[in-house]
Amino acid sequence: MKINFAKIEKKWQSKWEKSKAFEVKEGGKKEKYYVLEMYPYPSASGLHIGHAFNYTIGDIYARFKRMQGFNVLYPMGYDSFGLPAENAAIRGKSHPKKFTEDAIKNYIKQQKNLGLSYDWSRMVECHKPDFYKWDQWIFLKMFEKGLAYKKEAPVNWCSQCNTVLANEQVKDGRCYLHEDTEVEIKHLDQWFLKITKYADELYEDIEKLKDWPEDIKAMQKNWIGKSQGTDIYFKLEDSEKILSTYTTRCDTIFSVTFLAVAPESPLVNELVEGSDREKEVKEFSQRLAKESFADRINEEKEKEGIFTGRYAINPVNNEKVPIYVANFALMYGSGVVMCDAHDKRDFRFARKYDIPLKFVISEDGEELDAMREDYAFVNDGILFNSGEFSGMNNREALPKMANWIEKNKWGKKTINYKLRDWLISRQRFWGTPIPIIYCDGCGIQGVPEKDLPVKLPDNIKFTSKKNPLIGCSKFMDVKCPKCKGKARRETDTMDTFVNSSWYFLRYCDAKNEKAIFDKKKIKHLMPIDIYIGGREHATGHLIYCRFYTKFLRDIGLLDFDEPAVKLFNQGMVHGPGGEKMSKSRGNVVMPEVVSEKFGVDSVRLFLVSTGGPDKNRDWSDKGAEGILKLIEKVIDYASKWNAGKSSAKVEHKVNKGVKEITEDIENLKYNLAVIKLRGLFGSLEGEMAKKDLESFVKLFSVFCPHVGEELWSRIGGKGFVSLSDWPKCNEKKINEKFDKAEKAVERTVADILNILKIVSKGELVYVYVLPNELENYSAEEIAKRVGKDVNVFAVNDKKKYDPENKSKKVKPGRPGIFVE
RNA sequence: GCAGGAGUAGCGAAGUGGUCAAACGCACGGGACUCAAGAUCCCGUCCCUUAGUGGGUUCAGAGGUUCGAAUCCUCUCUCCUGCACCA
Numbered sequence: 050m051k052i053n054f055a056k057i058e059k060k061w062q063s064k065w066e067k068s069k070a071f072e073v074k075e076g077g078k079k080e081k082y083y084v085l086e087m088y089p090y091p092s093a094s095g096l097h098i099g100h101a102f103n104y105t106i107g108d109i110y111a112r113f114k115r116m117q118g119f120n121v122l123y124p125m126g127y128d129s130f131g132l133p134a135e136n137a138a139i140r141g142k143s144h145p146k147k148f149t150e151d152a153i154k155n156y157i158k159q160q161k162n163l164g165l166s167y168d169w170s171r172m173v174e175c176h177k178p179d180f181y182k183w184d185q186w187i188f189l190k191m192f193e194k195g196l197a198y199k200k201e202a203p204v205n206w207c208s209q210c211n212t213v214l215a216n217e218q219v220k221d222g223r224c225y226l227h228e229d230t231e232v233e234i235k236h237l238d239q240w241f242l243k244i245t246k247y248a249d250e251l252y253e254d255i256e257k258l259k260d261w262p263e264d265i266k267a268m269q270k271n272w273i274g275k276s277q278g279t280d281i282y283f284k285l286e287d288s289e290k291i292l293s294t295y296t297t298r299c300d301t302i303f304s305v306t307f308l309a310v311a312p313e314s315p316l317v318n319e320l321v322e323g324s325d326r327e328k329e330v331k332e333f334s335q336r337l338a339k340e341s342f343a344d345r346i347n348e349e350k351e352k353e354g355i356f357t358g359r360y361a362i363n364p365v366n367n368e369k370v371p372i373y374v375a376n377f378a379l380m381y382g383s384g385v386v387m388c389d390a391h392d393k394r395d396f397r398f399a400r401k402y403d404i405p406l407k408f409v410i411s412e413d414g415e416e417l418d419a420m421r422e423d424y425a426f427v428n429d430g431i432l433f434n435s436g437e438f439s440g441m442n443n444r445e446a447l448p449k450m451a452n453w454i455e456k457n458k459w460g461k462k463t464i465n466y467k468l469r470d471w472l473i474s475r476q477r478f479w480g481t482p483i484p485i486i487y488c489d490g491c492g493i494q495g496v497p498e499k500d501l502p503v504k505l506p507d508n509i510k511f512t513s514k515k516n517p518l519i520g521c522s523k524f525m526d527v528k529c530p531k532c533k534g535k536a537r538r539e540t541d542t543m544d545t546f547v548n549s550s551w552y553f554l555r556y557c558d559a560k561n562e563k564a565i566f567d568k569k570k571i572k573h574l575m576p577i578d579i580y581i582g583g584r585e586h587a588t589g590h591l592i593y594c595r596f597y598t599k600f601l602r603d604i605g606l607l608d609f610d611e612p613a614v615k616l617f618n619q620g621m622v623h624g625p626g627g628e629k630m631s632k633s634r635g636n637v638v639m640p641e642v643v644s645e646k647f648g649v650d651s652v653r654l655f656l657v658s659t660g661g662p663d664k665n666r667d668w669s670d671k672g673a674e675g676i677l678k679l680i681e682k683v684i685d686y687a688s689k690w691n692a693g694k695s696s697a698k699v700e701h702k703v704n705k706g707v708k709e710i711t712e713d714i715e716n717l718k719y720n721l722a723v724i725k726l727r728g729l730f731g732s733l734e735g736e737m738a739k740k741d742l743e744s745f746v747k748l749f750s751v752f753c754p755h756v757g758e759e760l761w762s763r764i765g766g767k768g769f770v771s772l773s774d775w776p777k778c779n780e781k782k783i784n785e786k787f788d789k790a791e792k793a794v795e796r797t798v799a800d801i802l803n804i805l806k807i808v809s810k811g812e813l814v815y816v817y818v819l820p821n822e823l824e825n826y827s828a829e830e831i832a833k834r835v836g837k838d839v840n841v842f843a844v845n846d847k848k849k850y851d852p853e854n855k856s857k858k859v860k861p862g863r864p865g866i867f868v869e
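Take 50 as the starting number for the first sequence in my numbering and just add one per residue.
Possibly wrong hints are sitting among the right ones.
As the list claims (entries may be wrong) - Straight line, CA to CA, 20 angstroms or less: simulated EDC-like cross-link-like pairs of lysine to aspartate or glutamate:
no., residue 1, residue 2
1, Lys243, Asp264
2, Lys857, Asp800
3, Lys458, Asp280
4, Lys810, Glu785
5, Lys393, Glu437
6, Lys789, Asp851
7, Lys190, Asp168
8, Lys401, Glu455
Said to hold, decoys possible - Label-pair ranges, simulated between beta-carbon atoms:
no., residue 1, residue 2, range
9, Gly358, Met420, 52 to 60 angstroms
10, Asp229, Ile724, 42 to 50 angstroms
11, Glu412, Asn366, 44 to 52 angstroms
12, Glu193, Lys777, 31 to 39 angstroms
13, Lys792, Asn636, 49 to 57 angstroms
14, Pro315, Glu368, 37 to 45 angstroms
15, Glu812, Leu772, 31 to 39 angstroms
Everything labelled a hint here was simulated from the structure, so no lab data went into it.
We put the CB at the ideal spot given by N, CA and C, even for glycine.
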């Protein structure tokens, strides 16, 4: 049977669209459920099969929850600001808006073709002024609270992007968009968002994310990098100036023999100002500070440093220790490190520059001379030469020593974070303009709310990689909102990750012109119940959106702490050979191509059938073909089905199927659900009740919505199957004896066939079973399967025919068999 | 180095204390149907044995807990992912 899938798909897609089947109805009594996939960047090359997989996972869940009676919000939108569109515009001497909107159109078409049940009426596109207006609005709220600020700082610069990047966008010292481009460090005046204000809450609340994957949580913890330690104050030998150093190992304080200062620290200049070493140290530090990031984080790289000529006093023992500038000291904590013999790096560095070393910990507390050893002692052990703490285990002593240091005012217990403030300014055009005005008289001014949005100009020339806003007088020239005098606009735009930090809120009230959203609507629809997307956003987007949520809560707009209850990371779809898909390998699978070949429903069902949705999988035409055959069989079955009464066995199968498949879908074990669906299909009978077949079609339809609707209408279902009620399991109809009997027959059939294979001329088959198992063995059923006449006897049947006494062999669950 | 995850048949993948280790799919082999091929249907694919029934080995490796372990604990190996000169 040749089925025209394309026709079926178009038919139902347009019916869904016309009837607005999937639009959220507001104000009903239904409980809400918010299913969200991370919105895509609309690239010119269109959706690939990985997107299709991602969206299929969400769509199945949305359909499932909708049928279960939830008011499901399942929206889609586009992360439509970003560099590729701008670069394309430069190449094509056009406007990025054109590229972007063309790409979006194509995405929408592709997504509709996949049968995704989005509520399109809530679409957000972040390049539209009615969206980015609210980016600017949030920015101004942060600006008011001092959370958006401008400062000069060493920042990451990508020469390919021609802009600065956030720390989260630098991987291994390289740009996240250009793996071949090393990030340079530049000192520039830039806008930051003070995410560090929330560092502790972002860290501690990870505990609340019960339904987030462990690895994402671990990555976030690692990224935020909370550590408990002690600031210890070292006074300069010859002045009152205090150097504060941060350590998590204050148990080694008696071992300290020098301090190291980060080369980029402003302290360096201060320490050598006016000294005879000034020139040498400054030059050396500048060279170190300029080293590329990739170089600096290379552990193999030789430690380098230079003596500043200055000394500091260790507060606990008044020892005088030299201060070095060293490349292994980072701008973390205060940028000053106390160095000792119990750290690998410090040890190596000291050896190189002939700085004395001394141990204060050994295995057994016996004195150990660091000068006579070749390696740092990094293990835990017993303290010695450590004043009143000598003789104690160093780990046990550590908190006591911290208290002791604090009590004597030599330092203070401190918590440090690796998380840095979020650098959001970008020296590019295609992003949200930062709503700031510079006035020579009044300084930095926020754009008044009534003047929002600050729009990107449409008429603009892209001539080079330079931000075209610079020098664009109709954009830049503006009156100061305070003194009305001449002023100029900020020309930097915002990182695109700003848009994605809150877009999920806008879906709840996408068309609101008066406010960012209606609090009541948010209250009903948020938080996101399941958020589906890639693992790569672990330390970027997924931290930023948590930060935004907490900020918006603090200004009274939200009453929850976390944006997403459950996070789900889908696996990657690889090429047929298991290789990563890429243009250069030529193994990219496009959804429209395979959909044309196998039908959309086959593609969807195949994608979710080969393994748990969180696992990687390989695309396989063979696999999709197998699924296509299954779908054809289902259609064929439905066309031959006769309405009637279901057998008890079918009722058992359907109800058990409903129960198990519901559970599997709920737990996102789609692969198991598909297996059980296959099994259930295999046990449907030619004549059965409409209600039972309907249950099957409902289960089937969340995976294969087009064929599902088609079957539904053919068997006389009312309305859309997509909007029908999810089947309920009637436990009373479940009777395991049917499964037992089935297994018994299957085994017996296999045995008989094996025997027949060997004896070759058998015509009559006799099966001997235990009397209490007799009901499991239907002679008719077995005969049908083996194609021979079959007689079934209970072993205690006096009239049985058993010339070779095979009934002697019978055991529970194992019949005796005789063939002649 | 730190962190998270994983290791089950040729492959993908179920199974997370006992009732069954390997469901299901793919691949491969055999059979039925057919002039033939394809499609379809049936059977088989750890080892030994038996006309099927029977016995044994096995869940990366080694120990351990338990009456009982793929499953829990310890150590080791391998792979993936992320972070990493963070003091």
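Each hint tested on the structure:
1. Lys243 - Asp264: 25 angstroms, violated
2. Lys857 - Asp800: 17 angstroms, holds
3. Lys458 - Asp280: 11 angstroms, holds
4. Lys810 - Glu785: 36 angstroms, violated
5. Lys393 - Glu437: 26 angstroms, violated
6. Lys789 - Asp851: 26 angstroms, violated
7. Lys190 - Asp168: Violated, because 30 angstroms separates the two Cα atoms, which is more than 20 angstroms.
8. Lys401 - Glu455: Distance ~33 angstroms between Lys401 and Glu455 Cα, so the pair is violated.
9. Gly358 - Met420: 52 to 60 angstroms: 24 angstroms, violated
10. Asp229 - Ile724: 42 to 50 angstroms: Holds: the Cβ-Cβ distance is about 44 angstroms, inside 42 to 50 angstroms.
11. Glu412 - Asn366: 44 to 52 angstroms: 23 angstroms, violated
12. Glu193 - Lys777: 31 to 39 angstroms: About 53 angstroms separates the Cβ atoms of Glu193 and Lys777, which means 31 to 39 angstroms is violated.
13. Lys792 - Asn636: 49 to 57 angstroms: Since Lys792 and Asn636 have Cβ atoms about 42 angstroms apart, the given range 49 to 57 angstroms is violated.
14. Pro315 - Glu368: 37 to 45 angstroms: Since Pro315 and Glu368 have Cβ atoms about 26 angstroms apart, the given range 37 to 45 angstroms is violated.
15. Glu812 - Leu772: 31 to 39 angstroms: 56 angstroms, violated
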